[in-house]
Each structure stands twice: as C-alpha cells, then as structure tokens.
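For this one, chain C is given, so just place chain H on it according to the hints.
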Amino acid sequence: MGEHIIKLPDVGEGVAEAELVEWHVKIGDIVREDTVLAAVMTDKATVEIPSPVDGEILWLGAEIGDTVAIGSPIVRLKVAGEGNAKPQGGEVEAVAAEPPAKLPTPKPEAAGPTAKTSPKASVAEVKPAPVISKSSGQTSVSGAPRPEGEKPLASPAVRLRAKEAGIDLRQVAGSGPAGRIGHEDIEAFLSRGPQVAKASGLARNDAIQDIKVVGLRRKIAEKMSLSKSRIPHITYVEEIDVTALEDLRAALNKEKRPGMERPKLTLLPFLMRAMVKAISDQPNLNSLFDDEAGIIHQHGGIHIGIAAQTPSGLVVPVVKHAEARDIWDCGAEIVRLAEAAKSGTATRDELSGSTITITSLGAMGGVATTPVINHPEVAIIGVNKMMVRPVWDGTQFIPRKMMNLSSSFDHRVIDGWNAAVFIQRIKALLETPALIFVD
Amino acid sequence: MKEISCKLLVIGAGPGGYVCAIRAGQLGVDTVIVEAGKPGGTCLNVGCIPSKALIHAAEEFEKVSDMAGGNSPLGISVTAPTLDLARTVAWKDGIVSRLNSGVAGLLKKAGVKTVHGWATFRDGKTVAVETETGSQVIRAETIVIATGSAPVDLSFLPFGGPVISSTEALALSEVPKKLAVVGGGYIGLELGMAFAKMGAKVTVVEALPRVLAQYDAELTRPVVKRLTALGIEVMLGAKAKGLSTKGDALLVETSDGKSAKVAADKILVTVGRKPVTEGWGLEQIDLDRTGKFIRIDEQCRTSMRGIFAIGDVTGEPMLAHRAMAQGEMVAEIVAGHKRSWDKRAIPAVCFTDPELVTAGLSPEEAKALGGEIKIGMFPFAANGRAMTKLGEDGFVRVIARADNHLVLGIQAVGQGVSELAAAFGLALEMSARLEDIAGTIHAHPTQGEGFQEAALKALGHALHI
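Chains C and H, in that order, give the protein sequences. Quick note on numbering: the first sequence equals residues 0 to 438 in numbering that gives the first Met the number 0. Quick note on numbering: the second sequence equals residues 0 to 464 in numbering that gives the first Met the number 0.
Worth flagging that the hints you see were computed from the coordinates, not collected in a lab. Don't take every hint at face value.
Quick list of the computed label-pair ranges, beta carbon to beta carbon [said to hold, decoys possible]: (1) M223/C with E297/H: 51 to 59 angstroms; (2) V236/C with E297/H: 30 to 38 angstroms; (3) P155/C with R300/H: 20 to 28 angstroms; (4) G175/C with S71/H: 45 to 53 angstroms; (5) A380/H with A164/C: 46 to 54 angstroms; (6) P444/H with A164/C: 42 to 50 angstroms; (7) L26/H with S190/C: 27 to 35 angstroms.
Part of the chain C face toward chain H, derived, beta carbon under 10 angstroms [stated by the list, open to error]: (8) L159; (9) G165; (10) R179.
Where is the CB? At the ideal position from N, CA and C, for every residue including glycine.
Bound conformation, chain C alone (with noise of 0.2 angstroms):
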C-alpha cells in the first residue's frame, strides 16, 4: 500500500492559483480513477479536478473558500501499490501536516489578540473561555424552547408577570430543573429584546445564519465592488419606442427558409447591431480605462458581454466581434453562449474580453435600473420591460409598444453630454430599424 499525491493542476493559462469551490469527496472515500474529486474556479471559470487514479481518501488539503496556488497538494490516496508519495516517514508526515502553500488571503481567526499577550497570559485567558461561552450560549436560545403543545413549566407568580409584560412563555427557555421558568429567565427573556413577543401565533426568530461567500459569489461581490467604488457612474434613461422594431422582428421570425437553420430572434440581435452603428460614430465609448496607468485603450472590435443569470450567479458571456456578426449571426452567438453559461460549459475565453456589455432582465426588467458597469469598461446598456403606453402623437394617445433603456456610463471619460448622444443615436436607430441596415 501506498500513497498518492494529488496537486492542484494547472487549469489554464496564466492562472497561478484557483479557488477551492467544492469537495465532492470526503475523508474515507473510495475513489476511481476519474471521479471528480473537486472544483476550482478561477477568474471566470470553474474546473473539476478528476482522481487520475483509483483509491482511498486519506486527507483533503484545502477548505472551501480557500485560494490555494498552483501545484499545492490537495489529496493524499491511500492507492495499491507504490503511490507517488516517498515511503513512510517523518517527511510525509511533515507532507501530510503541512497545509498546502495557501496564498496570503487574510484569515481573522489566525490573527488574534493571543498573538499580542504572553503565552502565559493567554492561557488564563482562554481557560474561563468556554464556561462563559456555554452560558451566553443558553441566553441565546430563542424560538420555542420545547416541544410543541407542552406547557411551559412556571409558578403563578413567574406566569402572572409574563402576561403582565405580554411575554409568551412558550417562547421562553427555562433554566430550572425540567425546563422551569423563573423570574431570572424573564429578565434574561426581557433584556436581550425590549419588544414585546405578540400573544399571536406570529413568533420572533433570532437566528443567524452564517453563510461563506465563496466562488462566483466572491468573485461577484469583488467585481461590484470594485466597480462601484472605483467608477463613478453617470445613468441615463431613455424611452424608446419599439413599435416598428417589434413588427419588424415578427415578420423575420415569422419568415421561414427552407434549409436555413435560423435562431429565433430576439431584440438583443438587433440592440447589439444598433450599438455598432452607434459606437462607430463613438468609438470611445468601446474602451477599457485602465485608470492607474491613465490609459484608456480604445478598442476597434466590439465584444459585448450579455449579463445572463444561471444558478449559481451572474455570469457575462462575450460575443466576440459584433460589428462583424449580422443579425442573425449575433443571434445564435447569444443562444449558444446562454446556454454555454447555464449549463457551465462556458470556457474561461468565452466568459471574458468583453469591451461593452448589455444587462437585460427580459420581462423583470422594470421601468428603470441602475446598471453597474462591467469594470474595466466604460459603459453599459440596460434593457428594461417592454410594454404598451399611450403616447401622444399631437392629436390623440395611440397605443405603442415602449421600452425604456437604462444605462451607465464612466463620468471619467464619458461626459453626460456624449452618454446622451450615444443613446439617442441608438434610439433613432431602434425606432427606425431599418437604418439598422443602411449605410
């Protein structure tokens, strides 16, 4: 018998560390040579590590949430055989201890006020620690402390004061023998929350859950943040009426060629070819402003990433080079790239080098949003719900089929003026699609 290391694969290019997302096994597990023992995820993508070999789960080398580097071991095998690991001693032993090289990611329990004090100091501390945390502890028990239907335990005395101060024993833990309840519950009851428990069936829940944010919702978190604290947005709504582009994209649809396998279109295609026409009047507005260099670098094709929802998050596929992509073109690439993300089969390339990105909520979409620019872009479009108004048209209210775009722009680089302009151009192009078209 043996042992056998697995290290964290390279799992792409230039990626010198991924985060631990998920463990699919755990310790005492019989593994094949393939199961899929857990994901990674890198910037953008999420990549299973398989077993390359068939055995026993010794150790696991990584929590969740943990960024581990590039080649770091991660599982030791008990395998048949030699294993890759050096025969038994004190150095697999030091293997085995050792945490894997772990990136310096801050770790609040690590540093501490014991660092600080003498050892000696700190062993008095600690010693007191855990009686006063058992009694906190029982304070804070909360929700129905027995089963349902049993009456609390209580003398009169202690239940006459529970109904005087609208207290619910039956939401009161007792400390007495059997669960009774004394007067000192009820001031424990009354000092951690000062309203009063309703006499209905409604009941308070004090519970907390703690939830670690870990892989695409770290990641989400980072980016929004950076985004939102780094750029200082400028939004800008506009109505655009929709009324012929609808009618338009109805008859295309409607529109069958024998032989051509043709995408069902939806109104991003022609949004998408819209912005081309636009950006090629403004081509700054296809930029990624790299702000500590001072550099904005004005990019000639036109990757749009679309925001897209999938279980696990918020994920943006990129069409590659719109402006060389016609309608139907950016249709199938929006189909194909949407279910690329659900499924998680997109590639880390596919997920990233957008240069502008649209965010559409389709029939959630609202009135109005306040998109968060995709950083280091300079700007984003917003698709909000379609609907019919009644609009004016001089003499009467006809109905017409409006939608509203809401959309972000980077104040640094991108005056309102010009955000205005911007937007204008592509609602003239939407309303009268057919300059879409035209050169």
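For chain H alone, coordinates are given in the frame of chain C:
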C-alpha cells in the same frame, strides 16, 4: 324606579359572582350585583357549607354511637346518644346565616351595590330586576353572568312529596327511617353516608356499574368498603323507574332486568346539576353554547362583546373554587389588567367517608398523554398519624412523567385528606417535580407525610414502606 348605570353588573351572588364583585370593588370598578336569594349561592346556602355541617354532625354522632356499643378501642364508653336533627339543622342554619351576612358585609366593604331581586336581560347592556319595590332597570358597560346551576330532576320522579333534592335533604327536621338515594355520585354518597350515620337505612341506586364513576376504581375502593360497613345497600346498574302508587317506595329496574321496590320515606334524587340558563332572558342576547352551557373563551368572554360568564353556567367542573378563580380573573380583566385562564389544576374534594381529593391528571389521563409515567403510592396503613386517628384506610398517590419527573397528578383517599388539597394544588401550580416534594420536609406526625413518601416511592426510595 330610577335607572341605575354602572361599569360592571354581576348577575348572581354565588361564589363566582360575589368574588368577582368584591375584587372589582377593590379595584375601584363601579359594580352592582343582583341576587334573588341570599348571597353565597348554592355553595353557601344549599351546597358545600350546609352539607359539610350535616356531614360533620353525622360523623360525630356515629363516633359516639360506636362508643356506646362498648367496643371502642379508645376505651371510651358512653350511653346511647340521641340526635335532634331539627337542632342540628338550626345550628347549620346559624353557620349559613353568619356566612350570608359575612358575604354581604364584604360586598359592602368593597363598595359594591347589591340589588335584591330577579334579573332579566333586556338587551346586551340592560337588565331589569324585579325587586320587592318594583322593577329596577340597570345599564352596565360590562355584565357578568354567574347564574350557577340547579339539581337535575327526573321527569318520572319529580321533586315534591317524598322526592327531594339535596336542598331539601339539608333541611329535614327528622332523620328518615328509610332513605333511597338515586344517583351514586359524590353528592348522593356524601349525603347518603351522612344519613346512614344518623341512623337511616340507606339504599343507593346507581345506573352505572360502579359508584363515584368520575374517579378511578382504586381510589374509590376504601369508600366502597365503608359503604358496606355502614350498612348502605348499593344497587349498581339499576334504574330508578318512579314512585310507587302509595308513595312509600321507589320502583327500580335491577341490573338483571327485574323490577324491585325499595321502601323509602324519602327519595333523594342526586343525578347531577344543570346550568341555570332559563328565566333570565338568555334568549334576548342569544349567546353561543357548548352543550347546555354558555360558551366562554380563556378570558371567560361569551360570544357577545361586554358579556362574561363564570361558574357552573359555563361548564364542568362545577366547583365553587373554579367559579371564584374565574370571578377574580374577570374582575381584573374588567379593571384593565392583562389576565387569562392559565390554571394548571382545579383540585376536587369529595366529603364521603373516607374523603377523596384529586388534583391534576388521573393515571389514565396521564397515560393517555403518550409518554412514560411513574406512579408512587403510599398507604396510610404505614402512617403513624393515620393509625392514631383510626384512619388507616386509604393512600396518597403521585403521578409524574418518567423523563423529567414533572408531577402530573396527585390523588388521595383517607380520613381528613381534603385538607391535603392545598399541598397538591400548590405542587401542580408550581410545576413541582418529584424531587421537589420528596425534598420538602413534611411535619411529623401528620398524614401529609404520605405525600412526601408517595413522591419518594415514585423515585424508588420510599423510607417508610
């Protein structure tokens, strides 16, 4: 007569009504109480108090009669005693009358106005009282119905002539030679035993297969034994059929279906009590009912806003102390306090010989909860004080949950055990565990030690058995 307006009107000055009025008066609520009879209701006038007086007299008479037989183990011998029941009743009436004026005084002291007469509802806020001097209209913001209960009569055996209810039984001027008691519940047995002790030949006719059916058989066994010793004939599974044509016997259908005649000077019918829901205009306000009783919630509120009901008219157990607790609670609610019914136990006592006392759950009820239970029983045969009173029959029984030893029910049967009701009730209200009772010093030599020993027994280490 000039209309009276008040904050609170209480209809009926029984234990529930007068306690409610006194408490409301103490709390400064402008209160009027209406009563057609004497204050104190059934309990004081024709129930608890007079029956206990009679039972005590009978007990004393029987003791002396025993001594006169020359066989008293106490070594006392006397000449044969005689009983002048008319004097006994007069003595009893003296007690009742003292208590009547006591209650009237307490009401007055609390600032409650008493109106004598029969009240009838006009609507949910107005009552008309027929007084000696005419009709008195009373308007009240809140009304408490405390009209109580009355003995149930049998259509084939209506009260009158030799057929009497407990009320008349307590006012007889001489002991009937032969007394037939229809109904072997606690009232029938309390009075039947008392009259047997006073020299009557008593026959109890009970339709059920055993007497005191509300209690478990183990608890009532010492009473059944005593019934036999007193020469009381008990006909179980037997149905009263009516009065003989001459009016000197009760016609009975025995358990095997045969007709029998029970010779009797008096026939005492004690087949239960019914709520008084007629004659005071309940139809004017149309309150919801639960069976025959007025339906109330945990604050004794009826289905009509501003109208409360307390006591026997609201249902079982029809006990004075339940009514008193309800009355007190309602007075406090009317005065604006936050209250609701959260009592854990209503102890019940039965003044048979020997006495019975129960509080909380019976063994059967405790088992029905589904959890495992522990039962500890201590017989008075092992209690020194009981021996010195010639009262070795009976026991104390404690029922507790097996998991946390929480006491669920306590019962006792034995001489004078009614006084233990205080300890039993307190233990249950305080959510006592077996250890609490076992760990309390009980004075020696008393029958109360039996309570502590029963708890120890349930814990598995009784000391004196």
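Checked hints:
no. : hint                                   : result
1   : M223/C with E297/H: 51 to 59 angstroms : holds, 53 angstroms
2   : V236/C with E297/H: 30 to 38 angstroms : violated, 57 angstroms
3   : P155/C with R300/H: 20 to 28 angstroms : holds, 22 angstroms
4   : G175/C with S71/H: 45 to 53 angstroms  : holds, 51 angstroms
5   : A380/H with A164/C: 46 to 54 angstroms : holds, 49 angstroms
6   : P444/H with A164/C: 42 to 50 angstroms : holds, 44 angstroms
7   : L26/H with S190/C: 27 to 35 angstroms  : holds, 31 angstroms
8   : L159                                   : holds, 8 angstroms
9   : G165                                   : holds, 7 angstroms
10  : R179                                   : holds, 5 angstroms
Taken one by one, the earlier hints fail for this structure only at number 2.
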